[in-house]
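J.: Protein sequences, first through last, are from chains A and B. For the first sequence, my numbering gives the first residue as 1, with consecutive numbering after it. For the second sequence, my numbering gives the first residue as 1, with consecutive numbering after it.
Treat the hints with care, since some could be wrong.
If you anchor each label on the Cβ, the simulated ranges turn out as follows [unchecked claim]:
#1 Val-360/A <-> Asp-96/B: 51 to 61 Å
#2 Asp-96/B <-> Lys-409/A: 50 to 60 Å
#3 Met-1/B <-> Val-22/A: 49 to 59 Å
So the derived list for chain B, only partly shown, Cβ under 10 Å to chain A, looks like this [stated by the list, open to error]:
#4 Leu-54
#5 Ser-73
#6 Glu-85
If you want the ones that stay clear, here's a sample from chain B, every Cβ over 12 Å from chain A, calculated [said to hold, decoys possible]:
#7 Val-50
#8 Glu-110
#9 Asp-113
#10 Pro-219
#11 Arg-227
Don't read these hints as lab results, they were simulated from the structure. Here a beta-carbon is modelled for each residue, glycine too, at the ideal position from N, C-alpha and C.
Residue-level listing of the chains:
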Amino acid sequence: MKKFFMLFKKELRELLSPQVIVPFFAMTFLFFSIGKFIGSETKNQEKEVTVAILDLDESQTTNSFVEIIKQNNYKVDYYKDAPTEEIITQIKENGEKFLIVFPEATEENLRKNKQQEIKVYSVFHSLSLFNNIDSGITTQIPAILNEYLSSQLIQANVSSIDQIFLKNPITPNNFVILKDKITNVDPTSIISHLYSQTLFIPIVLFLVISLASQLVAGAIATEKENKTLETLLSTPINRKLIVAAKLLAAGTVSLVMAILYLIGIQSYTSGITGESQNSVKTEGIKQALESLNLTLGFTDFVLLGACLFLGILVALSIAFIIGSFAEDTKSSQALTTPLMIVVLIPYLLTMLFDINQFAVPLRIFIYAIPFTHTFTAANNIFLQRYDLVIYGIIYVLALVCICIYFASKIFTSEKILTMEIGFKKKKKENHTI
Amino acid sequence: MQKALSVKHLSKKYGEIIAVNNIEFEINQNEIFALIGSNGAGKSTTLKIVATVLSPTEGTISVFGNDLVKQSSQIRQIIAYLPEEAGAYKNMRGIDYLDFMASLYTSTKEERDKCLEFAEGIADLRERLNDKIKTYSKGMTRKLLLARAVMTKPKLAILDEPTSGLDVINALYIRKVIRDLSKIGMSVLLSSHNMLEIEFLSDKVGIIDKGRIIEIGTPVFLKKKYRAANLEEVFAKITSKTNKT
Ligand SMILES: Nc1ncnc2c1ncn2[C@@H]1O[C@H](COP(=O)(O)OP(=O)(O)OP(=O)(O)O)[C@@H](O)[C@H]1O
Ligand SMILES: [Mg+2]
Chain A
1 MKKFFMLFKK
11 ELRELLSPQV
21 IVPFFAMTFL
31 FFSIGKFIGS
41 ETKNQEKEVT
51 VAILDLDESQ
61 TTNSFVEIIK
71 QNNYKVDYYK
81 DAPTEEIITQ
91 IKENGEKFLI
101 VFPEATEENL
111 RKNKQQEIKV
121 YSVFHSLSLF
131 NNIDSGITTQ
141 IPAILNEYLS
151 SQLIQANVSS
161 IDQIFLKNPI
171 TPNNFVILKD
181 KITNVDPTSI
191 ISHLYSQTLF
201 IPIVLFLVIS
211 LASQLVAGAI
221 ATEKENKTLE
231 TLLSTPINRK
241 LIVAAKLLAA
251 GTVSLVMAIL
261 YLIGIQSYTS
271 GITGESQNSV
281 KTEGIKQALE
291 SLNLTLGFTD
301 FVLLGACLFL
311 GILVALSIAF
321 IIGSFAEDTK
331 SSQALTTPLM
341 IVVLIPYLLT
351 MLFDINQFAV
361 PLRIFIYAIP
371 FTHTFTAANN
381 IFLQRYDLVI
391 YGIIYVLALV
401 CICIYFASKI
411 FTSEKILTME
421 IGFKKKKKEN
431 HTI
Chain B
1 MQKALSVKHL
11 SKKYGEIIAV
21 NNIEFEINQN
31 EIFALIGSNG
41 AGKSTTLKIV
51 ATVLSPTEGT
61 ISVFGNDLVK
71 QSSQIRQIIA
81 YLPEEAGAYK
91 NMRGIDYLDF
101 MASLYTSTKE
111 ERDKCLEFAE
121 GIADLRERLN
131 DKIKTYSKGM
141 TRKLLLARAV
151 MTKPKLAILD
161 EPTSGLDVIN
171 ALYIRKVIRD
181 LSKIGMSVLL
191 SSHNMLEIEF
201 LSDKVGIIDK
211 GRIIEIGTPV
221 FLKKKYRAAN
231 LEEVFAKITS
241 KTNKT
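With the rest of the complex left out, here is chain B (with noise of 0.2 Å):
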């Protein structure tokens, strides 16, 4: 089957500093895939890169067989991309950004219609959304941004930090939400430091550090490799085992 994702000798300098150096990964399609890693590793420059926002140093990528430098346009299609401390337009209701996002997806009204429906369903704020953004509390906006990324069912979409900085409840809502919509079809490339959300969401993870991918695996394979009791574990042991040498 064609991949969702597939990063080939993915490189990324910033000037002098490199961000990501040569990483490889793939995601099948319905597959949900985390990138784990410390502050500074490389998580956020991969996932913008995927999402077209930068362009990549070195490397080839492609997304539904879409190559991401020649077809970019197409790849924009079919993607969303929910930035790290993302706001949006302040002074916009939240169902108005919601229209307008959706008008930027759609060519007819009747497909903004459904675009929105779903979004509504899923930014589960209800009567708030007719209130400007700026009122809005931080995990109210983070649940309106999810919905705007996932309202044109992407078929990748990727996620940068999905749930930072929000309560428990929020938080179990968003994985669900993002579980639910894999089973219908979307492939996820997401990030986090939460390893025990990485456990329950992803069906497979990539350890990064210092811009290089250590590790590849389901979560209970890699438990099982490092004979350890939890992915926060086999986090310690991976990034302790490279410090050393």
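Just chain A, with the same shape it has in the complex (with noise of 0.2 Å):
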């Protein structure tokens, strides 16, 4: 039992090395700290949903409708004898998301049962997520409403209604409302086509990111583990060239490796929602998306392209300089550890929120974080933040400058042999001499 025990304390020693503990504890701080953050944000954006609505009719029939609208628990913005225009740029500036119009003779056209239109207006503020997520009041409103009406005309017991009416008394023309653009479409049919096609650039750039940093302090970690560093150290290639062929292979391969993923991803995906059959309707959403500007021109890709390329080259740079602290492969894996956290963090947050809307220090603290930029850099195009998207390129690119910098520079001095994080080992080295 004491070998065993011995033998056990040996293991432990041996994975509890520096290399991992350190990681561990910065990934353990993060998460902690982000968690925080997250709930408190998330509590700020979980507010009970408020519906404008603007009352044309004044009726007691659109009277009832705003009670019933109230107690399936949603707040009402009520306004009435205004035109539509004015409201729209009311609740944009109150940050408001949905406004449903009840036009005139509403009462009357459903008394002599005649189906009537009412208009229901989605503002986009931002392409995110959670911001989004309530998207379905479009629907859920007119079908409440419907319901309600429905209910009443089955119990008056009218024989002769036509039975279209009957079920839908009430139908919703949807319109969509982004920056000050407006195109009629339903809003959910937007949102499922913006994160079919948005979805991927992040996911395939968090797979590239990853892999890449992966590789590339693996292959500094390799050289050093193998013993093959010392002699190619003493060649006369010039050393910035060793680092940018390590840089560059590891990008391309994670590159290539990411465009396989992205094939098997959208293959499996089209394999599930048959994108062949809905081609009319993704036309119709095509013409929707462009009445928006929710395309992109060639300088939009352009700027994409630097974005998505400086995020991946950081991320190179810093595993690179990570890589050169760690003495084998197997500290190389636990040291690039924390940077896949700080890619993850703003992958998730950018995906799921509208970073714009934090409190000012975790903005901050989410921008400063370099891959933040290139998974906003599509949507703040989209919505034409070009301020934002440019000081994020002007600022990465100064930290790729400045990590190359570093990186270039431990690989030309020694200390890409002599850096490790073994603080314990050197302490005992000093009492032996």
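The task is to assemble the complex, starting from two chains supplied on their own in separate frames and drawing on the hints.
T.: Listed below in structure tokens is the structure:
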């Protein structure tokens, strides 16, 4: 038993090297603080949904509609006797997302058993998932009203009613508002389309960045482990070229892998959704996207490409520095884990939330992570927040320069061989000498 | 004549540890100079510095008249370094490894082929050169690495324990290769624990202990001076003397 204990102790000591412990605590700390931040932010965003209603009919029926909507736990912002455009500007300013317009003669038409159209406007303040997650309201509210009307009609037991009218006395006509553009389209279809498109960019990006970082850090660690690095350093080859070759090779390999992943994912999802059947529908969405300015022009593509490229480059150069600390492949893996987390945070946050609505300190923290700019690039370009994109590019470019500078500094000096996270060992050696 | 290597007041610190402490020695052209000393004496550190892999904390070094710090790129062209316990890229074939390393030193295909031909002769691995390096034994890898080190016909070869871990036959073979190469113009700085090997191989010996060189001379001179039958005895006498004081 004692022998086993000795063995156990030895294994523990091997596992609990600083290369494992330091990243672990860094990770725990990050998770802890991020968890706290997100907790408070989701609370902020979970407030009850406000629906603006413009009542142009001002009848008993429309009043009862408002009451029913209130009963279903929506907060109602009631307007009457105003032009729709004015109200739209108003709710945009208030940061509200939905406007329902009951047109004139609503009551009268319904009395005559005529289907009544109501206009439902959805304002997209951002393109993040959580921000638009309640877009289902645009179908829920008409459904609530229809249910109410239908049950009344059935109670009244009017036999001559047209079945179609009985089921849907009210038909919603959907509009999406993005910036200063309005288009006549169902918001859920826009959102699902946007996500089937823009979800891929972050996924692929995340894959590329994490793969590339692990590859590049592993490449240095393997050279150290197999002692090929010392030989390489004694050759006349310019050491900056070694750095460049390693970065480029890892970048290429991960890009190829990511593309393969992407093809896999795409064929998988299109297999599920059966895209080809919906070609008529997607054509309509395409037009809607165009009228909302949700398509990318040439300069947009260039900007997007620059953001993606810089994101990968910054990851590679950070991973390169991290890899220089590792003495073998095992520790290089442990050391790159925190980097993965740092990539994961903006990946998830930008997908779920609109970062620009966060409190200022949190926003600064998130934008300080270089990968945030990569993940937000597509959305910011869609929303024409070009200033954010440009600042992002400048910031990340500066970071890349600094990181590559340090990476080649390490590599052109002896630090690449002597630098390690191993305080304990050194102290021990001190004692023996 | 110009010295192949001249080391003056060389010191090297790793943090607080003084690995090499103010050493001086010179190597003439065509000479084989051996550093001998116990484990941790500072041999590998000295060799790494001369190989431009580590930088000196203090002191000046010149290789064929080039300053080690200022002209390191020129020096890297004319030296070759074989680290202790070195490995090669495991997933490469032996021949590809030689080809890759040769391409780092040469600019034309002809030069590269010349290097390769020379290396193939020295590696002595024949058809095994076409196998992946991960299938090689320790001795085979060592021979491959030695061949790669000398294939560019360096003016100064820096060999850290070139025969460690090899059997008698292979060790003999490598010693012969080193001797032959020195005859055709290569200067050698090597380190070893094997005193018999040193006696056979080297023209001059430096005995290093705790980072200091405590004796330099030809094997014959040292044996005479310490009235010893072989270098092993010389080494024992010198180190016991310094340990007493
Ligand atoms: N990277 C390093 N960091 C800190 N100390 C080191 C490092 N490399 C070597 N040392 C220390 O420098 C001293 C000299 O080491 P060196 O490797 O030069 O010895 P050596 O003579 O080659 O020994 P051996 O015969 O065992 O190979 C030792 O005390 C060693 O602990
Ligand atoms: Mg050594």
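J.: Confirm or reject each hint.
T.: Now for the hints, and whether the structure bears them out:
A beta carbon spacing of about 57 Å between Val-360/A and Asp-96/B agrees with the range 51 to 61 Å that was offered as a hint. Checked against the hint of 50 to 60 Å, the pair Asp-96/B and Lys-409/A fails, with Cβ atoms roughly 31 Å apart. Between Met-1/B and Val-22/A the beta carbon distance is about 54 Å. The supplied range of 49 to 59 Å therefore holds. Checking Leu-54/B against chain A by beta carbon gives a least distance of about 5 Å; that is within 10 Å, so the hint holds.
Contact between Ser-73/B and chain A, as hinted, is supported at the beta carbon level, the nearest pair being about 6 Å apart and thus within 10 Å. Annotation: Glu-85/B was flagged as interfacial toward chain A, and the flag holds, the nearest CB pair being 6 Å apart, inside 10 Å. In this structure Val-50/B is not separated from chain A by more than 12 Å, as the shortest Cβ-Cβ distance comes to only about 10 Å. Distance to chain A confirms Glu-110/B as a non-interface residue, since its nearest Cβ pair spans about 18 Å, more than 12 Å.
Even its closest Cβ contact with chain A, about 18 Å, leaves Asp-113/B beyond 12 Å, as expected for a residue assigned away from the interface. Non-interface status of Pro-219/B relative to chain A is upheld: no Cβ of that chain comes within 12 Å, the nearest being about 28 Å off. Distance to chain A confirms Arg-227/B as a non-interface residue, since its nearest Cβ pair spans about 33 Å, more than 12 Å.
The structure does not agree with the numbered hints 2 and 7 stated previously, though it agrees with the rest.
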